[in-house]
Amino acid sequence: MAHDDVALASQPPLSHEHGGMGVFYWVWGGLLLLTAIEVVLAYQNLALATMLFILLGLSFVKSGLIIGWFMHLKYETKRMRWLLMASLVACLCLMMAFFPDARRLLHMGIQGH
Amino acid sequence: MADAVMHPPLEAYEPPLMGTNSRKLGMWLFLLSDSLTFGALIFAYSYSRMSTPNWPTPFNSGSIINATIMTGVLLTSSLTMVLAVAASARGNVKATVQWLLVTMACGIAFVVLHLREWFKLINVENMWFNQGPGGVPQFSGTFFTLTGMHMLHVTIGVLYLGGVAWRFRRGTLRANDVEVSGLYWHFVDLVWMFIFPMVYLMSTRIQ
Numbered sequence: 005m006a007h008d009d010v011a012l013a014s015q016p017p018l019s020h021e022h023g024g025m026g027v028f029y030w031v032w033g034g035l036l037l038l039t040a041i042e043v044v045l046a047y048q049n050l051a052l053a054t055m056l057f058i059l060l061g062l063s064f065v066k067s068g069l070i071i072g073w074f075m076h077l078k079y080e081t082k083r084m085r086w087l088l089m090a091s092l093v094a095c096l097c098l099m100m101a102f103f104p105d106a107r108r109l110l111h112m113g114i115q116g117h
Numbered sequence: 297m298a299d300a301v302m303h304p305p306l307e308a309y310e311p312p313l314m315g316t317n318s319r320k321l322g323m324w325l326f327l328l329s330d331s332l333t334f335g336a337l338i339f340a341y342s343y344s345r346m347s348t349p350n351w352p353t354p355f356n357s358g359s360i361i362n363a364t365i366m367t368g369v370l371l372t373s374s375l376t377m378v379l380a381v382a383a384s385a386r387g388n389v390k391a392t393v394q395w396l397l398v399t400m401a402c403g404i405a406f407v408v409l410h411l412r413e414w415f416k417l418i419n420v421e422n423m424w425f426n427q428g429p430g431g432v433p434q435f436s437g438t439f440f441t442l443t444g445m446h447m448l449h450v451t452i453g454v455l456y457l458g459g460v461a462w463r464f465r466r467g468t469l470r471a472n473d474v475e476v477s478g479l480y481w482h483f484v485d486l487v488w489m490f491i492f493p494m495v496y497l498m499s500t501r502i503q
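Taken in sequence, the protein lines are chains A and B.
Residue numbers for the first sequence follow this note's numbering, so the first one is 5 and each next one is one higher.
Residue numbers for the second sequence follow this note's numbering, so the first one is 297 and each next one is one higher.
To be clear, the hints were calculated from the coordinates, so they are not data collected in a lab.
Virtual Cβ for every residue (Gly too), placed ideally from N, Cα, C.
Among these hints, one or two may not hold up.
[As the list claims (entries may be wrong)] Pairwise CB distance ranges (calculated):
id : chain 1 : residue 1 : chain 2 : residue 2 : range
1  : A       : Ala90     : B       : Leu397    : 36 to 42 Å
2  : A       : Leu96     : B       : Gly458    : 30 to 36 Å
3  : A       : Val65     : B       : Thr441    : 35 to 41 Å
4  : B       : Ile365    : A       : Thr54     : 24 to 30 Å
5  : B       : Ile365    : A       : Met25     : 23 to 29 Å
6  : B       : Gly322    : A       : Leu36     : 27 to 33 Å
Given only the sequences and the hints, what does the whole structure look like? Please build it.
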């Protein structure tokens with residue numbers, strides 16, 4: 005309990021004094037704008053790989069805005085930022101190990117039963 | 297006075313390792329593990345898509361408009377959650393509860409719109425977990441599991457925020473607890489930012 009009190013006392017109150025509340029309205033507007041761009045792109049008949057590349061890029065920008073500002077990680081300690089993000093990215097990258105197998109299945113042409 | 301005897305002054309403790317309190321750190325660690333759950337489901341969807349020829353594209357303009365509105369509602373709920381957290385930090389109980397209720401209403405609207413989409417796919421496209429459009433059950437299996445898991449998280453989030461609003465109003469929770477519940481809500485929003493383009497926009501049926 006006392007340790008928590010120390011932590012709470014050492015943290016800035018979440019009054020969003022880092023630029024005021026206006027920054028959150030800008031972030032919200034930015035997120036809506038990026039969503040609108042995504043929807044417009046969906047109707048452009050782009051090549052699938054190009055589409056995936058752009059949409060994923062926009063999704064990472066949006067997640068950065070949400071994690072950084074809405075979830076307040078931008079204002080946490082450097083140690084916490086690195087620990088959380090590095091472990092998440094490392095684990096998600098490990099999952100990519102399965103993708104070559106998916107391509108292999110596609111080329112093998114597995115027949116349905 | 298008794299408290300001062302029982303506990304040494306705050307300066308006696310060394311600062312926390314992560315510079316934050318244990319509740320917030322606990323929530324971050326939970327979200328980290330939960331993001332791996334969603335990561336695995338999104339990777340399973342992507343794996344199925346990569347390994348399956350003739351992947352179906354069942355989402356027409358109506359579905360995309362519906363999903364876009366859902367996205368807007370969820371993004372707006374994140375803003376109202378931020379306003380609830382800011383109000384709680386100012387000690388404004390009434391505004392905190394009001395913004396939490398608005399956030400819950402957005403969450404409910406999201407679930408209703410999502411269920412509408414589900415019923416349309418089930419009734420019109422004849423989709424179910426093991427029965428996919430165009431004879432591709434991998435699509436419906438991964439789609440319903442991924443979006444169902446997300447919908448479950450939104451529903452739990454609505455109940456969680458309801459509990460936080462109730463207890464904050466009664467004075468048994470602090471502003472810090474509202475902030476921790478906000479982390480969960482923003483995470484649910486964050487996951488949808490990947491599901492919406494990966495599942496919906498990448499499977500549009502343009503007419």
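Hints versus structure:
Remark: the range hint 36 to 42 Å for Ala90 (chain A) to Leu397 (chain B) is upheld by a beta-carbon distance near 37 Å. In this structure the hint that Leu96 (chain A) and Gly458 (chain B) lie 30 to 36 Å apart at CB holds, the actual value being about 32 Å. Taking the beta carbon of each, Val65 (chain A) and Thr441 (chain B) are about 27 Å apart, not inside 35 to 41 Å as hinted. Range check, Ile365 (chain B) to Thr54 (chain A): about 26 Å between beta-carbon atoms, so the 24 to 30 Å window is met.
In this structure the supplied range 23 to 29 Å holds for Ile365 (chain B) paired with Met25 (chain A), their Cβ-Cβ distance being about 25 Å. Distance hint check for Gly322 (chain B) and Leu36 (chain A): the Cβ-Cβ separation is about 31 Å, which falls inside the suggested range of 27 to 33 Å.
Of the numbered hints listed earlier, the single one contradicted by the structure is hint 3.
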